[in-house]
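Student: Here the protein sequences come in this chain order: W and B.
Numbered per my numbering, the first sequence spans residues 1 to 236.
Numbered per my numbering, the second sequence spans residues 1001 to 1250.
Hints should not be assumed to be uniformly reliable.
[Claimed, not checked] The list that follows gives simulated cross-link-like pairs (lysine-lysine, PhoX-like), each with its CA atoms no further than 25 Å apart: (1) W/K145 to W/K212; (2) W/K6 to B/K1217; (3) W/K145 to W/K191; (4) W/K212 to W/K191; (5) W/K191 to B/K1209; (6) B/K1147 to W/K6.
[As the list claims (entries may be wrong)] Quick list of simulated restraints, FRET-style, between CB atoms: (7) W/R75 to B/E1238: 32 to 42 Å; (8) B/T1144 to W/G138: 50 to 60 Å; (9) B/K1217 to W/G60: 18 to 28 Å; (10) B/V1063 to W/A74: 55 to 65 Å; (11) W/A74 to B/Q1142: 51 to 61 Å; (12) W/R75 to B/S1249: 40 to 50 Å; (13) B/T1106 to W/D32: 13 to 23 Å; (14) W/R75 to B/E1168: 13 to 23 Å; (15) B/E1168 to W/A74: 21 to 31 Å; (16) B/R1046 to W/E62: 28 to 38 Å; (17) W/R85 to B/E1238: 17 to 27 Å.
Hints were generated in silico from the structure; no laboratory data involved.
Ideal Cβ placement from N, Cα and C applies to all residues, glycine included.
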Amino acid sequence: MNRCPKCALVLSSASSLEGLCPRCLLLGTLADPGEEGQSGPGGELEVAAVEAALGIPLPGIEDFGDFRDLRPLARGGMGIVYRARQVSLNRQVALKMIRSGRLAHETDLRRFRSEAEAAALLDHPNIVPIYEVGDHHGMPYFSMKLIEGGSLASHLPRLRSDLRAGVGLLMRVARAIHYAHERGVLHRDLKPGNILIDAQGEPHVTDFGLAKLATQETQVTLSAVILGTPAYMSPE
Amino acid sequence: MPDPNPSPIESRPGAGAFASTQWSVILRAGEGSSPDAGEALEALCRTYWPPLYAYVRRRGHAVHEAQDLVQEFLSRLLGQGGLHGVDREKGRFRSFLLASMNHFLTNEWHRGQRQKRGGGRIHLSLDQALEEGVADVEPVTQFTPEKAFERRWAETVLRSALERLRSEWGERYQARHFDDLKGFLLEPRGAVPLAEVASRLGITEPALKSIVHRLRKRYGELFRQEVARTVGDPAEVEEEIRQLLAALSE
Ligand SMILES: Nc1ncnc2c1ncn2[C@@H]1O[C@H](COP(=O)(O)OP(=O)(O)O)[C@@H](O)[C@H]1O
Ligand SMILES: [Mg+2]
Ligand SMILES: [Zn+2]
């Protein structure tokens, strides 16, 4: 006779419960569901990681203030980026929201706001422009120019075999970063996933989520930021 | 009269997405008022026949006879007017079904009406279900017919909730991961090694914990919804759960 190893209940040989013991299962519904893993700042990051790891598709949103037909473009560590149509101006935009929305941790909210603020200080052809910052029923968001060619991460294989294009692209990124520096904005998270490539192959720096206004901060030199990133180094 | 209008349950926070209690399904089918009612009732019978079958088997009927009896019973239940002479004021669907079956076995059957069998609106594929082992009755042979019924009943409700959880998971997440995760629904916790499953899923342990938390919470909600569908009054849910637990204690 087949018994549950935990509670010794006699189990059906061919259980209707996918091999789970009904008694232990029922007891599970009476117990506290358990701690939510690590909470506090970063808890949502973990959920994001799980969802990404599990390949969970993000749902679209039909209607969001002035925006319609939100379709998920990507999910980052903290945010979700949608492509959407802005009704009043009849244009396509990218909309970034904090993924945990109303439940976001205060530190995430602060980072989200400072991201928009830092980016809004900058007006450069190789930096993704912020259009507006808002809050729709408690969901903070900002809209920005939609850059449709994917991030540099997906262009790296091509650029590795086309050094000239790669170097030209890096020069423009370097100028954009230099420009930001001059305005006191340190990106601090420069990596291929945060450089978007448009249809003409032009790079646009985005994701100022970790940016700091360079006042008393250690001045990281431009070359250290750029050249210190292995993906940017020449094959030699 | 049990309230055929399930709104008090539906409007309960968290009770969410179920259209009707089993009671309202029965009553609507009896009145023939809704074209969907027959279908709903058929689904309901598919769900709930294993406890009835276990009961009839324990009452001493052979496999094929028991299948026929359950089939006939459910056909009558689904027929116009349902079963007469059963006290429908009993709050619990479980008690209602058991009392109805008793009534059926002691009266109708012995009045020699078995030849009418087969004319019902449903045809439950009991053979197939038996092959799948759902109606496997051997492990309950040590019990009284009532206990066998109640145990199967508890399993049936748990299974309905599990099936709903699986399908909800499958809507958003990769279905194959569910099998790695369902063991975490069991009490006591800690029996399934977190680290092992986390590495199989390619995620961190804290991430897995947070998923497990959500799964357990959701399963509890779905289970309560399923129980709520079988009782006359939402206030009876916790008591019904206690009785289901008792049925699962030897
Ligand atoms: N303006 C945009 N246009 C198109 N895609 C974008 C835009 N901004 C971000 N994305 C996509 O979303 C991804 C994550 O955006 P990012 O701002 O880096 O979020 P996170 O802070 O979560 O890393 C990017 O790698 C890119 O694929
Ligand atoms: Mg990023
Ligand atoms: Zn057990």
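Student: If a hint holds in the structure, say so; if it does not, say that too.
Tutor: Evaluation of the provided hints:
no.: 1; hint: W/K145 to W/K212; in the structure: holds (22 Å)
no.: 2; hint: W/K6 to B/K1217; in the structure: holds (21 Å)
no.: 3; hint: W/K145 to W/K191; in the structure: holds (19 Å)
no.: 4; hint: W/K212 to W/K191; in the structure: holds (16 Å)
no.: 5; hint: W/K191 to B/K1209; in the structure: violated (30 Å)
no.: 6; hint: B/K1147 to W/K6; in the structure: holds (22 Å)
no.: 7; hint: W/R75 to B/E1238: 32 to 42 Å; in the structure: holds (39 Å)
no.: 8; hint: B/T1144 to W/G138: 50 to 60 Å; in the structure: holds (56 Å)
no.: 9; hint: B/K1217 to W/G60: 18 to 28 Å; in the structure: holds (25 Å)
no.: 10; hint: B/V1063 to W/A74: 55 to 65 Å; in the structure: holds (57 Å)
no.: 11; hint: W/A74 to B/Q1142: 51 to 61 Å; in the structure: holds (58 Å)
no.: 12; hint: W/R75 to B/S1249: 40 to 50 Å; in the structure: holds (46 Å)
no.: 13; hint: B/T1106 to W/D32: 13 to 23 Å; in the structure: violated (45 Å)
no.: 14; hint: W/R75 to B/E1168: 13 to 23 Å; in the structure: holds (20 Å)
no.: 15; hint: B/E1168 to W/A74: 21 to 31 Å; in the structure: holds (25 Å)
no.: 16; hint: B/R1046 to W/E62: 28 to 38 Å; in the structure: holds (36 Å)
no.: 17; hint: W/R85 to B/E1238: 17 to 27 Å; in the structure: violated (49 Å)
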